[in-house]
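> Chain A is fixed; fit chains B and C onto it per the hints.
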Amino acid sequence: MLLSNGAMRHKQLQHLWKLNWGARKPNSTSRIMRPDDANIVGNVHGGTILKMIEEAGCIIGTRHCNTQNGDHCVAALARVERTDFLYPMFIGEVAHVSAEITYTSKHSVEVQINVLSENIVTGAKKVTNKATLWYVPLSLKNVDKIIEVPPIEYSSSEQEEAGKKRYEAQKFERLETKERNGEILMSVSLPDRQTKEPYTVEYSQSSLIHLVGPSDCTLLGFVHGGVTMKLMDEVAGIVAVRHCKTNIVTASVDAINFHRKIKKGCVITVSGRMTFTSNKSMEIEVFVDADSLVEAEKGKYRAVTAFFTYISLDKDNKPLPVPQLKLDGEEEQNRFEEGKARYLQNKAKRLADKERHQ
Amino acid sequence: MLLSNGAMRHKQLQHLWKLNWGARKPNSTSRIMRPDDANIVGNVHGGTILKMIEEAGCIIGTRHCNTQNGDHCVAALARVERTDFLYPMFIGEVAHVSAEITYTSKHSVEVQINVLSENIVTGAKKVTNKATLWYVPLSLKNVDKIIEVPPIEYSSSEQEEAGKKRYEAQKFERLETKERNGEILMSVSLPDRQTKEPYTVEYSQSSLIHLVGPSDCTLLGFVHGGVTMKLMDEVAGIVAVRHCKTNIVTASVDAINFHRKIKKGCVITVSGRMTFTSNKSMEIEVFVDADSLVEAEKGKYRAVTAFFTYISLDKDNKPLPVPQLKLDGEEEQNRFEEGKARYLQNKAKRLADKERHQ
Amino acid sequence: MLLSNGAMRHKQLQHLWKLNWGARKPNSTSRIMRPDDANIVGNVHGGTILKMIEEAGCIIGTRHCNTQNGDHCVAALARVERTDFLYPMFIGEVAHVSAEITYTSKHSVEVQINVLSENIVTGAKKVTNKATLWYVPLSLKNVDKIIEVPPIEYSSSEQEEAGKKRYEAQKFERLETKERNGEILMSVSLPDRQTKEPYTVEYSQSSLIHLVGPSDCTLLGFVHGGVTMKLMDEVAGIVAVRHCKTNIVTASVDAINFHRKIKKGCVITVSGRMTFTSNKSMEIEVFVDADSLVEAEKGKYRAVTAFFTYISLDKDNKPLPVPQLKLDGEEEQNRFEEGKARYLQNKAKRLADKERHQ
Chain A
1 MLLSNGAMRH
11 KQLQHLWKLN
21 WGARKPNSTS
31 RIMRPDDANI
41 VGNVHGGTIL
51 KMIEEAGCII
61 GTRHCNTQNG
71 DHCVAALARV
81 ERTDFLYPMF
91 IGEVAHVSAE
101 ITYTSKHSVE
111 VQINVLSENI
121 VTGAKKVTNK
131 ATLWYVPLSL
141 KNVDKIIEVP
151 PIEYSSSEQE
161 EAGKKRYEAQ
171 KFERLETKER
181 NGEILMSVSL
191 PDRQTKEPYT
201 VEYSQSSLIH
211 LVGPSDCTLL
221 GFVHGGVTMK
231 LMDEVAGIVA
241 VRHCKTNIVT
251 ASVDAINFHR
261 KIKKGCVITV
271 SGRMTFTSNK
281 SMEIEVFVDA
291 DSLVEAEKGK
301 YRAVTAFFTY
311 ISLDKDNKPL
321 PVPQLKLDGE
331 EEQNRFEEGK
341 ARYLQNKAKR
351 LADKERHQ
Chain B
1001 MLLSNGAMRH
1011 KQLQHLWKLN
1021 WGARKPNSTS
1031 RIMRPDDANI
1041 VGNVHGGTIL
1051 KMIEEAGCII
1061 GTRHCNTQNG
1071 DHCVAALARV
1081 ERTDFLYPMF
1091 IGEVAHVSAE
1101 ITYTSKHSVE
1111 VQINVLSENI
1121 VTGAKKVTNK
1131 ATLWYVPLSL
1141 KNVDKIIEVP
1151 PIEYSSSEQE
1161 EAGKKRYEAQ
1171 KFERLETKER
1181 NGEILMSVSL
1191 PDRQTKEPYT
1201 VEYSQSSLIH
1211 LVGPSDCTLL
1221 GFVHGGVTMK
1231 LMDEVAGIVA
1241 VRHCKTNIVT
1251 ASVDAINFHR
1261 KIKKGCVITV
1271 SGRMTFTSNK
1281 SMEIEVFVDA
1291 DSLVEAEKGK
1301 YRAVTAFFTY
1311 ISLDKDNKPL
1321 PVPQLKLDGE
1331 EEQNRFEEGK
1341 ARYLQNKAKR
1351 LADKERHQ
Chain C
2001 MLLSNGAMRH
2011 KQLQHLWKLN
2021 WGARKPNSTS
2031 RIMRPDDANI
2041 VGNVHGGTIL
2051 KMIEEAGCII
2061 GTRHCNTQNG
2071 DHCVAALARV
2081 ERTDFLYPMF
2091 IGEVAHVSAE
2101 ITYTSKHSVE
2111 VQINVLSENI
2121 VTGAKKVTNK
2131 ATLWYVPLSL
2141 KNVDKIIEVP
2151 PIEYSSSEQE
2161 EAGKKRYEAQ
2171 KFERLETKER
2181 NGEILMSVSL
2191 PDRQTKEPYT
2201 VEYSQSSLIH
2211 LVGPSDCTLL
2221 GFVHGGVTMK
2231 LMDEVAGIVA
2241 VRHCKTNIVT
2251 ASVDAINFHR
2261 KIKKGCVITV
2271 SGRMTFTSNK
2281 SMEIEVFVDA
2291 DSLVEAEKGK
2301 YRAVTAFFTY
2311 ISLDKDNKPL
2321 PVPQLKLDGE
2331 EEQNRFEEGK
2341 ARYLQNKAKR
2351 LADKERHQ
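Residue numbers (this note's numbering), protein chains in the order written: chain A, 1 to 358; chain B, 1001 to 1358; chain C, 2001 to 2358.
Quick caveat, the hints were computed from the structure, so don't treat them as lab data. For every residue, glycine included, the Cβ atom is placed at its ideal position computed from N, Cα and C. Don't take each hint at face value.
[Stated by the list, open to error] With a Cα cut of at most 20 angstroms, we get these calculated PhoX-like pairs of lysine-lysine:
(1) B:1145 with C:2263
(2) A:196 with C:2126
(3) A:280 with A:347
(4) A:300 with A:263
(5) A:347 with A:130
(6) B:1165 with C:2349
(7) B:1126 with C:2354
(8) B:1261 with C:2141
(9) B:1130 with C:2347
(10) C:2315 with C:2280
(11) C:2145 with B:1261
(12) C:2264 with B:1145
(13) C:2130 with B:1349
(14) C:2349 with B:1130
(15) A:171 with A:106
(16) C:2171 with C:2145
(17) A:130 with A:165
(18) B:1280 with B:1245
(19) A:349 with A:130
(20) B:1263 with C:2245
(21) A:264 with C:2141
(22) B:1263 with C:2141
(23) A:245 with C:2126
(24) C:2318 with B:1125
(25) C:2261 with B:1145
(26) B:1264 with C:2145
(27) C:2264 with B:1245
(28) A:264 with B:1264
[Said to hold, decoys possible] Have a look at the derived ranges for each label pair, beta carbon to beta carbon:
(29) C:2175 with B:1347: 21 to 31 angstroms
(30) C:2126 with B:1260: 32 to 42 angstroms
(31) A:164 with C:2353: 47 to 57 angstroms
(32) C:2350 with B:1161: 18 to 28 angstroms
(33) B:1345 with C:2124: 27 to 37 angstroms
(34) A:331 with C:2153: 26 to 36 angstroms
(35) A:221 with B:1162: 41 to 51 angstroms
Chain A on its own, in the form it takes in the complex:
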């Protein structure tokens, strides 16, 4: 049967829409920051932003991976690249999060995110974050099956080549961290803080325990990566405040790999310990352990780990010096050295980026 002119145009438009809008059109979200999104001073938690970022990534990733025939799927967060928080955000400001798909491999999707803060009263606007997230599409029918990702079109072969390089680099790093995770000891327990000496690792180390609720989960029944990151930022923030007793804000988050899913009905224990201090920053290592309450035979398992960096601010939001971390034993000394190496590497990278842009 022949379609009428109008119906044909409609079909064509729909097709174009799917290709252009459905698959790749940047997705944009905005929300007013509320008191609960922020600390006492009014600074929005880095974790609130990370949660918004991940929701935007999940939407665009899931949408893209369902633009072909075959199994329906949900995009699950596999990795977040290192993220810098350029400016603090405040209660009452509007956070705008825009997401775009920038690379696809056979089984993963790269999403680039920009976060803009807007003071709708003064009109001031700032880019506060950029983030890169990697998603993997899991079948709705069989959650252990990763389906194939429909390819995107690139505006140039250079663009595709650059994406491929980012893909290879993160793949390599993910495999590497998988090893490292296995070795980590679960030494972080809740000490009685009063008996500890200030500025030591033991003094500030902290934990949060959260019972996973229905609204924390995706359609597949697993915890949203953003929910986990919000809790990680919360615990790291507590460690930072305990150490320096001032107003602190998230400065950056190192790459995070999500190796193991966390199911609805789990209890998650999020623990943080300080690993390194520079003159004006603190690095905190965060562990996420999941524990099915009901299926106790499965035991507790390490789901995610990451490094968060915080800075301390005075009343005018200017950076304050940070008290030096007091180390005890070889292990803490080693972690400090490793933290220092990461710090120097990032510093060098920032300087190189700066020079390149001048």
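Same frame as chain A, but now just chains B and C:
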């Protein structure tokens, strides 16, 4: 001094931006619908949509009204035009809310909103709502002052004319309803506190009524005891504030027995009445009644009761004297005596504990 | 088969872990107190603490009761012993809740909870609460079945004996209160639906009562219109379900005028009553009344009113017939006629719109 070419272009761009983007650019929000946004069957509540619509309107309205010099302001909702919900939305779908300013009078802003639901798995999309909201900008310095609205530019005089007609029509209707509201009898709602004598039991007795949501429940689908206790404390706190009009804090809670479970989808009524006052404390009896919406034949049942004790604090967190409860009738007298007995018993127990520890 | 040394040690450790850690290891939770957890002055609500206490108890209780073979289960709260709040807690402080299982009977678990407040800035710490909770494990397969509790080991027979005494004492008190509960008059709460005739206005009329929190408000300290509308839809939905006992969805909302602002710290009563039914729709009138807790002299005032229309859906989301509203008295008859006029007017308007667009 002359501005360089670049600086001039920047200024011009900024100006244009303010005119076009800052003032009128459609604002767009999207969010995944979660279990807490929906009823048991998975249909998203109309109220969830209305809340998102209003947030989008508040953002664009506030942004627009601050694009001129003078007082900063916040756009306050004055009216929502009749709104139709064309299709139901479901958990897991993404709600896209886009807002645009379509008319401005001297003191009000008309915002048009479109809501689109997108099933990011099947790709199905539907316009589920269109809404028209009217906002009035209130000064941040003086909340009773309505400031002037910067005018927008219209693409045609017909467009402006149509907007003016909508403005006049809603203004007329608003005045009309103002009248009608005055006449309506308050037959549904609770008794008016104004007719009661202060410091009586009737004067301060209060209720909260809450619809149980998914996040209130355990894996078994019953309300967490902690959720119930939080509501009980909330209502007892309201009773205490109504009685003494000061800052109050919970001092103790008597033993609470949870005899009957409360199921997901119930409405719970939590009521409190003052039973006893000492010089520095108030005892409030709290009742929790559950009522299944669907299984009405089961009727309302008493799920929990408890006694909460509050004290009143001054600005330095020192206890304040509490106005004595005025009793009316034998029943209130008896309850007061029983409360006094509990009070004296606890006091004696505390003293005994103290002595034992000395 | 013989296990290797390493494997044996692993098995033994796992077993020990289950016995000692999984079963009894104190469980610890901490969380920063946020604005929504506290009253206007910044004092954390006792209810927030009670909720945290119960969550910690539920986690440790559920975990313990699943450390044996057999049915999986969830620990349900049966009783909370008398609890004293020794010191107020404030926004920005960290609440630490630690839980430990201290006694098990055949069918119940006693959990001891300690709450410590920590000002992470000054380092000040205070024990603010101690609580004792009793849980009963309910089978996940059959919610009415109480499963057996795995026994814990006691450090001494005196300890076990003391636990047994506490168990007997609470058991006795629980039975006693069960009696007492039956006698209590329901004088505070709303009329019982059971005494009303189905399909009448009185039968389905409902209220929600909500204390306005910080996150409900704009920068000006007034409730967001969207928050109000969400509650209005919630109560109208309850009325609709009570009338037709099916899955209902919002079909439309008539124009809403926001005449009077609602301030932070108010209690809002949202009431709904059915006014009209057509074959396939129900109209519900909703009233929002605000009541300042502190400025009682202002009295309660009507802030908003509106008409919501609902339809009833079957399992395939097709509209179902709606039972006709039974009217009682002239007033209800008049409201029905007015509702019918609105219904016919909207129907005519929809038809006219349709024709215009063809």
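> Take the C-beta atom of residue 164 (chain A) and the C-beta atom of residue 2353 (chain C), compute their distance, and say whether it sits inside 47 to 57 angstroms.
53 angstroms, holds
> Tell me if the straight-line CA distance from residue 2171 (chain C) to residue 2145 (chain C) falls inside 20 angstroms.
19 angstroms, holds
> Take a quick look at whether residue 349 (chain A) and residue 130 (chain A) sit within 20 angstroms of each other, Cα to Cα.
16 angstroms, holds
> Take the C-beta atom of residue 2350 (chain C) and the C-beta atom of residue 1161 (chain B), compute their distance, and say whether it sits inside 18 to 28 angstroms.
25 angstroms, holds
> Holds or violated: are the alpha carbons of residue 171 (chain A) and residue 106 (chain A) at most 20 angstroms from each other?
Holds - the C-alpha atoms of residue 106 (chain A) and residue 171 (chain A) are around 13 angstroms apart, at most 20 angstroms.
> Holds or violated: residue 2315 (chain C) with residue 2280 (chain C), Cα cutoff 20 angstroms?
16 angstroms, holds
> Does residue 2141 (chain C) sit within 20 angstroms of residue 1263 (chain B), going by the straight-line distance between their CA atoms?
Answer holds: residue 1263 (chain B) to residue 2141 (chain C) is near 16 angstroms, not above 20 angstroms.
> Taking only the CA atoms, is the gap from residue 280 (chain A) to residue 347 (chain A) under or equal to 20 angstroms?
13 angstroms, holds
> Are the Cα atoms of residue 1145 (chain B) and residue 2263 (chain C) separated by 20 angstroms or less?
Holds, at roughly 16 angstroms.
> Decide if the proposed pair is consistent with the structure: residue 300 (chain A) and residue 263 (chain A), CA atoms, cutoff 20 angstroms inclusive.
Distance of about 12 angstroms is within 20 angstroms: holds.
> Between residue 347 (chain A) and residue 130 (chain A), is the straight-line Cα distance small enough, at 20 angstroms or below?
17 angstroms, holds
> Within a Cα-Cα threshold of 20 angstroms, do residue 2264 (chain C) and residue 1145 (chain B) meet the stated pairing?
19 angstroms, holds
When each numbered hint is compared with the structure, no violation occurs for any of them.
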